[in-house]
Every structure is written in structure tokens, then in C-alpha cells.
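Since the structure of chain A is already known, use the hints to place chain B on it.
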Amino acid sequence: MDQELRELYQQVILDHNKSPRNFKKMEEANHFAEGFNPLCGDHIDIFVSVDENSVIKDVSFQGNGCTISKSSASLMTTIVKGKKIEEAEAIFDNFQKLVTGKDLSEEEIDGLGKLAIFQGVKEFPARVKCASLAWHTLNAALKKEDTSISTK
Amino acid sequence: MRRVTESKDKMEKTIFNVQKIREDFPILKTLVHNKPLVYFDNAATTHKPKVVIEKITEFYEETNSNIHRGVHLLSQKATTEYEAAREKVLNFINAKKLSEIIFTKGTTDSINLVASSFGRAFVKEDDEILISHMEHHSNIVPWQLLCEATGARLKVIPINDDGELIFEEFEKLISPRTKLVSVVHISNSLGTINPVKEIIAKAHEYNIPVLVDGAQGIQHEKVDVQDMDCDFYAFSGHKLYGPTGVGVLYGKQEYLEQMPPYQGGGDMISHVTFEKTRYNTLPYKFEAGTPNIEGVIGLGTAIDYINSLETGTIYKYEHELSEYAHEKFRNSFPELKIIGNAKHKTGIISFILEGVHPHDIGTILDFEGIAIRTGHHCTQPVMERFNVPATARLSIGIYNTKEEIDYTVNSIKKVFEVFG
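Those protein sequences? They're chains A and B, same order as listed.
Numbering follows the numbering used here, with no gaps: position 124 of the first sequence is 124.
Numbering follows the numbering used here, with no gaps: position 16 of the second sequence is 16.
Chain A extracted, bound-state conformation:
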């Protein structure tokens, strides 16, 4: 396989695509958002439960998307769980830099942890939106409360 392709489709990414983590609807969520990628029809629902100290207690997702968008969503849920909202936002900023090929300090790369495997995406401009759809949707969910979620 071509080197660039191997960078894109790393084993961890393929694994998260095959067995996505936190891939379910969350009845007790107090934040919710729907994300669409109008270019390709990808669709994602993000459910978040935030406590009174602004800590993300739990997060899950459902929807349809390619390997990159699905594994990105899956990994995102494992990373942001237990983090404060502002911490999650900081990770999103750095993740966005990573996939768009912007410079990151060593400290910032360390902060991304496992998410660093998405650096191959920067070689594929058409796939950047796939990688960041879940994050944009999480961002939207955190910005608004959605109590109607359980009836959805």
C-alpha cells in the first residue's frame, strides 16, 4: 500500500471504524447536536452529559460516515470523556491544526495523545471535513442545552 494511504488508514483508525466506541444514543444527555457534511451526506448525532462543574461526564454518538469521520468521532468520545469543557475545546483547536497541517508545538502534540494518528489527514484536503465533523458537532452541542433530547 502507498505510504500516504497507510498514514491515513492506520490500524487504530481502522479498528475504531470497525468497532466504534460509545456508539449509541444517550437518553440522559443534556446536550445534543446534529452534524451534517453537505458535500457527502455524512450525518452524526452527538450526545453529551455535562455536570454542574462543566465536566463532560459522558459522551456518545450515532450516525453515518466514512472511516475517517467515524473513527474520529469514536476516538473523540474516548478522549473528551472526563475533561472540562474548556479542555475539550483546547484539544479541538489543536486537532484542527493537526488535520489542516498547521504547526504544532511538541507540547501541543503530546496533549493530543492518540489523536495524533490523524496527522495523515492533512495530505488529503478533501477528507479534513470528515475528520473534524464530530468535533464541530461536539462544539455545537456544548454551546447549547438540549433538554428535548430524550424525546428525539
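If you're looking for bench data, these hints aren't it; they were derived computationally from the structure.
Backbone N, C-alpha and C define an ideal beta-carbon position, used for all residues, glycine too.
Some clues are possibly wrong.
Facing chain B, from chain A, some residues (calculated, C-beta under 10 Å) [said to hold, decoys possible]: (1) R6; (2) Y9; (3) V12; (4) N17; (5) R21; (6) F23.
Lysine to aspartate or glutamate pairs mimicking DMTMM-like chemistry, simulated, CA-CA at most 20 Å apart [claimed, not checked]: (7) B/K316 - B/E354; (8) B/K50 - B/D24; (9) A/K18 - B/E335; (10) B/K222 - B/E87; (11) B/K35 - A/D2; (12) A/K18 - B/E87; (13) B/K413 - A/E4; (14) A/K25 - A/D58; (15) B/K35 - A/E123; (16) A/K129 - B/D24; (17) B/K414 - A/E7; (18) A/K18 - B/E354.
Leaving out everything else, chain B in the frame of chain A:
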């Protein structure tokens, strides 16, 4: 035995012609990821033969001037070439009059022109516009905008599991409130060739005009607007081996005359005062502002090019290639499913692979040099109808070969290597 030899000779002749045609398209020599380009995204846009590219360069180097404006030589030359292209379009689709050929930005613009202008003249509250379930967004949204503005309603002709329009349902949906039927000639996501002649004949029994969205029709079938008897036919230049940003709206004069201008500006007037403006005659009434002059002239050259290849031969070759591709794809992998299996189909194969998202197919094939489209192809209602989020789509053009189809089917194996 003699027959076999004859058909073999004929085939060789066709193959020979394809190689010759390939020589006319400079981009086909491009390498993609160090592999020869295999271009199967012709439904999105086609490549341009050298003559078209050269014509556009020549226009800017030797003619460039505005049209219908100046007395100077270059302006006259530009005007002559622009109007000559109108005549080429007229002959290509066998229209009756030059006044019925309007240059637009493309199919989308042509449909919007009708929705806006025909809409203002003929559509009011509680009227109905009839479209089909397989329409491109550009033949859905302009009508929704019209319905929002007027209080008219959009009705949708259903399609069956093979992706064919259900004619009986179409007949049932016709009502005294139907003001226009707007259907696609060939579906861009399913490849279905619609029975447009029958649809038009039926609609005309009730005196309902019909618009045909020819974005995928004009390059794959002989279009004779008089024989088809459509009231409007819309198409784009760039899907007909011509430049982007130029298209055509054919309309019957009886309707165009009754329709108000779509846009106001220069060239579409005959006399302007602050109190009242008199509009120009057809087709200029619908061509406000400086048009895409080099685009129109380039489209004229693209039509010359296609005519030089003998259209009958192209359609036949494409049909053979399409049959071959369908056969190959159907017998390729058990995980591969074709979406759209109409009896009358063109060389468009929308497919899905079980367990692999179309985007990932697209990226992996790209690394083999193969360009296909992945996504919903601007036909989200079709995707919903077949309960898929997206498809991978291969679409054939005049320069494609059987070898390229074999290579593509073989390359799908690489997808399984990654995701298997």
C-alpha cells in the same frame, strides 16, 4: 464465420477510434499519484478536447471584445462567433428558431430561469409543479423556492426499486392544477434514461408544458427537441466536452414570449427610460449583461468536435462500453451492489460495497489513478429512497475504454485489502 470476422473488424475499428479520440484530450496524459489518469467522473464534468482549449486561447489572443456593442472590427468578430455558436446549438438539438436558444451559466441557471420567469407568468397559489423522485437538487430547489413564493405545491412522481419512474403514478398525479412537469432526461445518480417522449405526450394531452433537465442527456443521446416536443430543454456546456460556466435553455417561443425577463441589465433592453423599459426581442430578452463569450464560443467548438466524430458512433460505443461495465461490475464481488438497475440505462454505475463507506473507496481508487465521484451526487432524496447515505459512482465518457473498466474492477480489490 464471416459474421464473426466482420464484427471483430468493426470492434477493432471502434477501439482504434477511441485511441484516436484519447489523443484529442491532453489531460488524459496526466499522471495521478504516479499512475495514468483513469477518468470516470464524466457525469460531474467532462474533459475538453484540444480544439476547445485552443479556441478559447485564440479568442483571447485574437478576438477578445464585447458583443452586440461596438462598431469596431473585433467586436463584430466576437459577435459573429458568438451568434455562430447559437446556430451550432440550434442544429445540434434541431430547434426551429434561433430565438429559442438562450445562453445561460449552465443547467442550474436554465432551470432557475424557467422557475422564476415561467413561475411569475403562470404559477399561483394552489397550483402544482410535478417533478420526479430522481431529480438532481437543481431540479428540486428552484421549484421549492417558487412554491414558497407563490403558495404552489410540489408533487413528486415516485420511482420503483430499479430506479425507474412509475408512469402510472405520473398519470395519476396530473391534475387540473398542474402547471408544469419538470423531469430529468437521464438520472445522474442512477443512470436511468427516462421515457421523456411519452411523459411529454401524456402531459400535452392536458396542455401541460414539460421541462427536460438534459444535464446528463445531451452527451449520451441524440436530442431532437422538435421530435421530443419538449417545451424547455436545459443543459450545460461542460458536460458536453465544452467549457464550464456556460449552458443552454431551449424554450418554445410561445412560452418564452409570454415570460417576463429573468434578470435586468444591458443587452436585454430595446429602450430604457426611468418611467418604462422596453425589452429586447428573443433570445436577448433573457441574456442580461455581458455573457460568458469565450464559453459560448468554446461550446460551439465542442459541438463541432462532437459532430466531427459522428454522434451515432459515439452513442453506440458508449452503449457497448456501458453494457460491458455493468456486466463486469455485476459479476465482480458479492459485496458490491449496484444502485439503479433500470432497463434503459446509460453508462452511470452507482455502487456500494458492504462495510466500506464510498468515501474510502474513492480515496483508495484515487491512489490507483482512478477518478470517481463519491457522495450523494446532489440527489439526497434518491439516497433516502434506496436507504444509503452515499454511493460511489463511475460515469463513462467518449474517451473511456474496456481496459480502464477492467483496471477499475481490479483496483476495487485494493479496497478489500485495506478494509477486508
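Evaluation of the provided hints:
no.: 1; hint: R6; result: holds, 9 Å
no.: 2; hint: Y9; result: holds, 5 Å
no.: 3; hint: V12; result: violated, 14 Å
no.: 4; hint: N17; result: holds, 8 Å
no.: 5; hint: R21; result: violated, 18 Å
no.: 6; hint: F23; result: violated, 15 Å
no.: 7; hint: B/K316 - B/E354; result: violated, 33 Å
no.: 8; hint: B/K50 - B/D24; result: holds, 6 Å
no.: 9; hint: A/K18 - B/E335; result: holds, 16 Å
no.: 10; hint: B/K222 - B/E87; result: holds, 17 Å
no.: 11; hint: B/K35 - A/D2; result: holds, 12 Å
no.: 12; hint: A/K18 - B/E87; result: violated, 57 Å
no.: 13; hint: B/K413 - A/E4; result: holds, 18 Å
no.: 14; hint: A/K25 - A/D58; result: holds, 11 Å
no.: 15; hint: B/K35 - A/E123; result: holds, 18 Å
no.: 16; hint: A/K129 - B/D24; result: violated, 36 Å
no.: 17; hint: B/K414 - A/E7; result: holds, 16 Å
no.: 18; hint: A/K18 - B/E354; result: holds, 12 Å
Checked against the numbered hints given earlier, the structure breaks hints 3, 5, 6, 7, 12 and 16 and satisfies all the rest.
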